[in-house]
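Q: Chains as they are written, first to last, in full-length UniProt numbering: chain F, 1 to 158; chain D, 1 to 158; chain P, 1 to 77; chain L, 1 to 77.
What the hints contain is simulated information worked out from the structure, not anything from laboratory work. A couple of the hints might just be wrong.
Cross-link-like lysine to aspartate or glutamate pairs, in silico, EDC-like; alpha carbons within 20 Å at most [claimed, not checked]:
#: 1; chain 1: F; residue 1: 44; chain 2: D; residue 2: 3
#: 2; chain 1: P; residue 1: 29; chain 2: P; residue 2: 53
#: 3; chain 1: D; residue 1: 20; chain 2: F; residue 2: 50
#: 4; chain 1: P; residue 1: 18; chain 2: P; residue 2: 54
Each pair of labels, with its calculated beta carbon distance range [what the hints assert, rightly or not]:
#: 5; chain 1: F; residue 1: 11; chain 2: D; residue 2: 43; range: 21 to 31 Å
#: 6; chain 1: D; residue 1: 133; chain 2: L; residue 2: 18; range: 46 to 56 Å
#: 7; chain 1: L; residue 1: 18; chain 2: F; residue 2: 91; range: 27 to 37 Å
Glycine is no exception: its CB is placed at the ideal position from the N, C-alpha and C atoms.
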Amino acid sequence: MRDKLFEVVEDPISVDSLIKKVEDRNAGAITTFIGTVREITGKKKTIYLEYQAYKPMAEKMLAQIGKEINERWPDTKVAITHRIGSLDISAIAVVIAVSSPHRKPAYQANEYAIERIKQIVPIWKKEQWEDGEAWIGDQKENVPYPTGKPEIKDEDND
Amino acid sequence: MRDKLFEVVEDPISVDSLIKKVEDRNAGAITTFIGTVREITGKKKTIYLEYQAYKPMAEKMLAQIGKEINERWPDTKVAITHRIGSLDISAIAVVIAVSSPHRKPAYQANEYAIERIKQIVPIWKKEQWEDGEAWIGDQKENVPYPTGKPEIKDEDND
Amino acid sequence: MIEVLLFAQLQEEAGKDKILLDIKEITVKEIKEKLQSQFHLSQVKESMVAVNEEYALDGDIIQTGDTVAIIPPVSGG
Amino acid sequence: MIEVLLFAQLQEEAGKDKILLDIKEITVKEIKEKLQSQFHLSQVKESMVAVNEEYALDGDIIQTGDTVAIIPPVSGG
């Protein structure tokens, strides 16, 4: 059975298994991004996070991000796994692995992936604090979708 | 015994062990860079690489890179391990792990580390091709040390 | 029948994770208005709509048998 | 006695990984010249010099007991 390169899972993510998915004889560089649950944000102390996904669409969107990356940075390989459910402090929520013959595209493509995840992948988190809880959107930072829908191509990304 | 954050080793590197070294309750992002032995460079086919280090000084310089990163990007944690000896195709030569509360510094600091390794850390590689071998320096790409010695601070780095 | 999936805050507001609408055909814009007025889902306005797992625009037409999802601003990663 | 460590191509050229020099005091510039003329190490010119594991400049003084390393352009990573 072929490994799934783009996955939403409920169990802990193995960083090593993602690295293996992108290994290549012509890779000189592999970058990984590991998103972990942070305890302190501003003055709020998080107890745990609850992630929810529209799973089939989320996996489709992750695969689309992979496709965008392969178009922009040829010879890259990409794997992304996002975990959902209840995650404690320091738990891994998402892992992005990118391999490339050279290091620059491996960094750029990896950062592109996390930015795109935060734009188009239907996954939501609810923060549980000591004194309350709330579903988080990036409403505070951005107009949700300035062009009416999430940009499928974002030529200005860096 | 405390883990060594900056190491030159002769055995295979565990990416997971480096991730563990930088884990932190207030980290929201961990980036890793994994430098691997690439088979094809230009038209040359590499059979294996031989790495040599001036080990005590190399570890000092890796630690110095860590210090530079902590100064530039506060709240980061850094660990770097470089392997020496004979390395086959796809073997891991170097792993850089950086944790940070937010993702941007984790990417920037990680990329800074690999650039600095290529400037100041006394480690050399010899390429073994099908039809010969050579010690590699970056003479072709750069004046070795434009300021007379490797820049200990490089404010223009990106 | 059109199935409308709800997530996150919308799901909590509605007290359920899907709504079934006995409608043959409706635009994205119309279904958003309907969900706001009939089901009092405050966050619909700032949400996107996906039809059969693809993002849709206001003018797109939804037909019976389609699966619609209301996608409030995402916060994965 | 000053110990001079050689690496990579320099080590292969010299056929050994260190040279002992019976010298009390010498500048970095002078030791580079000496290694080029007496030991025919072609790559010394483009190399850096480290004294006791720190990069040194041409004018720095090396004394007996110091460990010197000739550092050709590095290629780690």
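Q: Mind checking the hinted window 46 to 56 Å against the Cβ distance between residue 133/D and residue 18/L?
A: violated, 23 Å
Q: Hinted pair, alpha-carbon criterion (20 Å max): residue 44/F, residue 3/D. Please report holds or violated.
A: violated, 31 Å
Q: Do the alpha carbons of residue 20/D and residue 50/F lie within 20 Å of each other, as the hint requires?
A: violated, 23 Å
Q: Check the hint pairing residue 18/P with residue 54/P against an upper bound of 20 Å on the C-alpha distance.
A: Answer holds: residue 18/P to residue 54/P is near 18 Å, not above 20 Å.
Q: Could you see if the CB distance from residue 18/L to residue 91/F stays within 27 to 37 Å?
A: violated, 51 Å
Q: Falls inside 21 to 31 Å, the C-beta gap from residue 11/F to residue 43/D?
A: This hint is violated: roughly 45 Å between Cβ atoms.
Q: Between the alpha carbons of residue 29/P and residue 53/P, is the straight-line distance 20 Å or under?
A: holds, 17 Å
Comparing the model with each earlier hint shows violations of hints 1, 3, 5, 6 and 7; every other hint is respected.
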